[in-house]
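K.L.:
Construct the entire structure; sequences and hints are all you get.
Residue numbers (full-length UniProt numbering), protein chains in the order written: chain A, 1 to 86; chain B, 1 to 103.
If you're looking for bench data, these hints aren't it; they were derived computationally from the structure.
Since the structure is predicted, the reported quantities are computational estimates derived from the model, not experimental observations.
Possibly wrong hints are sitting among the right ones.
Claimed, not checked - Label-pair restraints from in silico Cβ distances: (1) I52(B) with N72(A): 23 to 31 Å; (2) T68(B) with T39(A): 23 to 31 Å; (3) T17(B) with T39(A): 35 to 43 Å; (4) D44(A) with H22(B): 29 to 37 Å; (5) Q70(B) with S10(A): 19 to 27 Å; (6) I52(B) with L15(A): 19 to 27 Å; (7) T17(B) with D65(A): 38 to 46 Å; (8) S10(A) with N95(B): 41 to 49 Å.
As the list claims (entries may be wrong) - Keeping only pairs whose Cα atoms sit at most 25 Å apart, straight-line, the calculated SDA-like set for lysine to any residue is: (9) K26(B) with N70(A); (10) K31(A) with P86(B); (11) K34(A) with L83(B); (12) K38(B) with L83(B); (13) K38(B) with S24(A); (14) K20(A) with L44(B); (15) K34(A) with I52(B); (16) K31(A) with L73(B); (17) K31(A) with R24(B).
The C-beta atom is built at its ideal place from N, Cα and C for all residues, glycine as well.
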Amino acid sequence: MAAIASTNPSQLLPLELVDKCIGSRIHIVMKNDKEIVGTLLGFDDFLFLCVSEITPEGRRITKLDQILLNGNNITMLIPGGEGPEV
Amino acid sequence: MADKEKKKKESIFDLSTYIDKHIRVKFQGGREASGVLKGFDPLLNLVLDGTIEYMRDPDDQYKLTEDTRQLGLVVCRGTSVVLICPQDGMEAIPNPFIQQQDG
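P.N.:
Spelled out as structure tokens, the structure:
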């Protein structure tokens with residue numbers, strides 16, 4: 001673990017950024033063409049997300065209430081994102 | 001075996017040399033993105049700033065300029081990263097495999 005601590009203390013850790021985003025809007029891009037916009041409720045080590053008010057972007061827009069999103073297929077997380085063409 | 005126990009989380013590639021540099025990242029599923037590397041962790045999750053995302057389509061193949069969007073500050077999931085390289089680390093060269101005309 002010493003190797004990790006000595007990399008660069010002033011850099012921004014990815015999971016820290018996700019943590020800051022809890023409670024605010026997030027835009028999640030999956031490996032395929034699906035995207036999800038909503039409010040981030042929480043996450044864990046494998047990046048399971050609880051998101052509320054989601055609208056998967058694409059051909060159809062479906063509004064759902066709360067979901068548990070499996071982190072396996074997540075490619076990018078964009079804090080404060082609005083989605084492609086809202 | 002004792003060696004493996006000592007170096008559990010040591011990365012074979014030190015990304016700290018790329019901090020604040022423009023890099024290109026390719027993902028599983030064909031997405032590509034480029035941005036300034038702001039942070040990373042041993043699992044290869046990345047923080048990119050000023051990110052531009054490129055999408056690959058059947059008719060698009062390797063043309064990157066079609067579907068690009070500005071994403072700003074993003075977190076890239078390490079489990080879906082397949083390649084990281086410097087943004088200006090690549091150049092197109094003529095096909096080196098064509099001249100095979102040995103008698």
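K.L.:
None of the hints should be skipped; say for each whether it holds.
P.N.:
Each hint tested on the structure:
1. I52(B) with N72(A): 23 to 31 Å: 25 Å, holds
2. T68(B) with T39(A): 23 to 31 Å: 27 Å, holds
3. T17(B) with T39(A): 35 to 43 Å: 36 Å, holds
4. D44(A) with H22(B): 29 to 37 Å: 32 Å, holds
5. Q70(B) with S10(A): 19 to 27 Å: 25 Å, holds
6. I52(B) with L15(A): 19 to 27 Å: 23 Å, holds
7. T17(B) with D65(A): 38 to 46 Å: 45 Å, holds
8. S10(A) with N95(B): 41 to 49 Å: 44 Å, holds
9. K26(B) with N70(A): Answer holds: K26(B) to N70(A) is near 21 Å, not above 25 Å.
10. K31(A) with P86(B): Since the Cα atoms of K31(A) and P86(B) sit roughly 22 Å apart, the hinted pair holds (cutoff 25 Å).
11. K34(A) with L83(B): 22 Å, holds
12. K38(B) with L83(B): 17 Å, holds
13. K38(B) with S24(A): 21 Å, holds
14. K20(A) with L44(B): 19 Å, holds
15. K34(A) with I52(B): Between K34(A) and I52(B) the Cα gap is close to 18 Å, so the pair holds against 25 Å.
16. K31(A) with L73(B): 18 Å, holds
17. K31(A) with R24(B): Roughly 17 Å between the alpha carbons, so the hint for K31(A) and R24(B) holds.
Hint compliance for this structure: no hint is broken.
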